[in-house]
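Asker: Could you slot chain B onto chain A? The hints should help.
Protein chains: 2
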Amino acid sequence: MTSQHSAGHSHHGARSVAAHTAAVRQLLTALSSDGRTEVLPLVQALGRALVDGVIAPVSLPPFANSQMDGYAVRSADVSDGGAELRIAAPVPAGQSPQPLAPGTAAPIMTGAPIPAGADAVVQIERAVPDRFLAPGGKGTVQLPAVAPGTFVRATGSDVTAGQQVLAAGTFLGPAQLGLLAALGLPEATVHSKITVLLVTTGDEVVEPGKPLAPGRIYDANGTLLEAAMTQAGLRVLRAGIATDNPEHFRELLRTEGAAADLIVTTGGVSKGAYEVVRQAMADEPVEFLHVAMQPGGPQGIGTFDGIPLLGFPGNPVSALVSFEMFLRPALSALFGSPAVRLPLRARLGHSLSSPANKHQVRRGSLAPDGTVRLEGGESSHLLHALAGSNVLVHVPEGVSALGAGEEVEVWML
Amino acid sequence: MTSQHSAGHSHHGARSVAAHTAAVRQLLTALSSDGRTEVLPLVQALGRALVDGVIAPVSLPPFANSQMDGYAVRSADVSDGGAELRIAAPVPAGQSPQPLAPGTAAPIMTGAPIPAGADAVVQIERAVPDRFLAPGGKGTVQLPAVAPGTFVRATGSDVTAGQQVLAAGTFLGPAQLGLLAALGLPEATVHSKITVLLVTTGDEVVEPGKPLAPGRIYDANGTLLEAAMTQAGLRVLRAGIATDNPEHFRELLRTEGAAADLIVTTGGVSKGAYEVVRQAMADEPVEFLHVAMQPGGPQGIGTFDGIPLLGFPGNPVSALVSFEMFLRPALSALFGSPAVRLPLRARLGHSLSSPANKHQVRRGSLAPDGTVRLEGGESSHLLHALAGSNVLVHVPEGVSALGAGEEVEVWML
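Heads up: the protein sequence lines correspond to chains A and B, in order.
Residues in the first sequence are numbered from 8 upward in steps of one, following the numbering used here.
Residues in the second sequence are numbered from 8 upward in steps of one, following the numbering used here.
What the hints contain is simulated information worked out from the structure, not anything from laboratory work.
Treat the hints loosely; a few may be bogus.
Computed cross-link-like contacts, BS3-like style, restricted to lysine-lysine with a CA-CA straight-line distance of at most 30 Å [to be verified]:
id: 1; chain 1: B; residue 1: LYS200; chain 2: A; residue 2: LYS200
id: 2; chain 1: B; residue 1: LYS200; chain 2: A; residue 2: LYS217
id: 3; chain 1: B; residue 1: LYS217; chain 2: A; residue 2: LYS200
Small disclaimer: the values here were computed from a predicted structure and weren't measured.
Looking at chain A on its own, in the form it has when it is part of the complex:
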């Protein structure tokens, strides 16, 4: 029982969202030390982030090539309103072609190297005849005038060798990995996955699939946060549901936490009389405080046996909002992964009210026209409404009401 501790804390001033964001980031900097990197084949590096910037070892394209199927020409040969040119041997793909003799036109396919001497391509559709001759065929072709450079993809027009193409910390999605492949790099050096021990608490909390006695509820937080953390690229260890016994709780963390880089708990951080995380951490360097945020106000932050520990509140919506507001952005900032959620502006579909002294985080549905409808009320137990939402809606501290049509910041989930 921690009645004194709990009640006393309620008189403290709340910490701002920005200050707690900074504190969580500071707590996790220890995980960004050297040696926590690995080299992975490209596709395995999907969803990770680069440790170092990447310098292009080759130019892209590596050689000038044709953007069209047609004839490679010396533009000077057709500059006088077009000309009849002798057809040269086709340009082979995948080899260095012979130089183009003056007065000739070489059949060329998209992507094939521009022969030395040629400086433009005429599309097959603009040639007369507008079909390629059969292999070995000899003859002439009538071609119109073209400007130098027409339908030529110049060497290095996408990337110049020696240029930094991706910065340190870049999140590796399909396009970034495709770029590394195009540069001939088969692997990437990325930050190692962070292993998090996830512990949900509460004597009344039951694993899904078990019978539900009166007064009990199923554990939603374990699944919700494990899924969110997995999606964000964390490796998640589940310690099951901890009891409300502080000594058992400490023992659980000591046993299961050894393999973890980070411990995240849910529940037991508030002002009530039975707050297992608070009680178990009473003699540890873990601070329990109130962040000026709704939901998700009560937060714990510190270390246990030297391992960074975050104590999220126990309501599912509060727990997810805590993850989205504090842990996920800290990981993005420090390690480049997961990708930052792009903040967008949206117009409220209807009015709302919010406590002026708190940053309120509502759940909503963003429509293609840029309006956002709130899903459910502000209460943190409304999981069904969360499941019907695609954005978090931010109402900053200092704002107590917003009208329909006013702009808000939203984060896409």
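Answerer: Below, chain B without anything else, positioned relative to chain A:
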């Protein structure tokens, strides 16, 4: 050599994006037959979609509970401007509490069941004294008047037992899985993963990490599409890079395709003289056509040995745009996974031009203020620009120019 075929095809009319979208969807409906489902533990179902709608087996919350730490009261007892009430035994979490006797107030923590008879909760901060007594302590507490229902989360206020909470086809992200857990459901029945055989083509194309001879380029498409498909929830088989020999190509598909639900190729579908996919599929029910889209116009669609086959063009940006425009939306529509990319409206940061007879798909950077800047030109070889983009920008058929500040549809990547 298919000069006649190629040149002839260039005179055909192009198919609209909408018509090809419908054709791809139709091609894949065969994969939505019965039996292609599996039952998975919740977190393993992350990123899949529900086969059937889910009916809530219990209400949420399953019992009325307190939204605050404080005292459970009969509101009538304090209706006359507040009252001094005798303190009852604390409400235990996780058990059915004793009914609340008239004239008493029971200490109650957030989430604990509201005792029979009680109909409101007074926050501890509004009580005098504003701290809970030590366990076993007896005495009275002065409480203010409260309206019935205050700080009570009513049974079923989130979900009513028997209600459909998630529809068939719902994409399962953290919130949806958390909701299933809260309902006590430990598993979900989801669509099985679709296995795709991915084949890149070209005699000039080299695996990343190998030496690059003159006239050769590295295979970006394999990595780019394998990553995009993996991210979209497909199981990807890589057949390596196919040569430009049609017979070898057919043999490769026959050998490697047996385990696949779908074959996707890149390159060899255009109007050139050496188009391996076209040539190899000449006697198969595979159609090669031009979609009125830039990039990504040349497309192949049909079946090989009864397996659905899509032939994407060979330039990396064209290949990715083909995936994003045709395959990914078809999978979302038919199987609920991957999640649909929400179309958003954005304002162009500068002007652009587009061929009026084509749907142009540009790459861009969407900023938080809702403006989008184009990255790179319209050319489909600009992979570095793609890697610096976070949206696809749509310029519909019929639009040949847009000015700075005009609205466009964007899809977040």
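Asker: For B/LYS200 and A/LYS217, compute the direct alpha-carbon distance and say whether it is at most 30 Å.
Answerer: holds (28 Å)
Asker: Holds or violated: are the alpha carbons of B/LYS217 and A/LYS200 at most 30 Å from each other?
Answerer: Holds, at about 28 Å.
Asker: If you draw a straight line from the CA of B/LYS200 to the CA of A/LYS200, is it 30 Å or shorter?
Answerer: Roughly 25 Å between the alpha carbons, so the hint for B/LYS200 and A/LYS200 holds.
The structure fails none of the hints (numbered hints given earlier).
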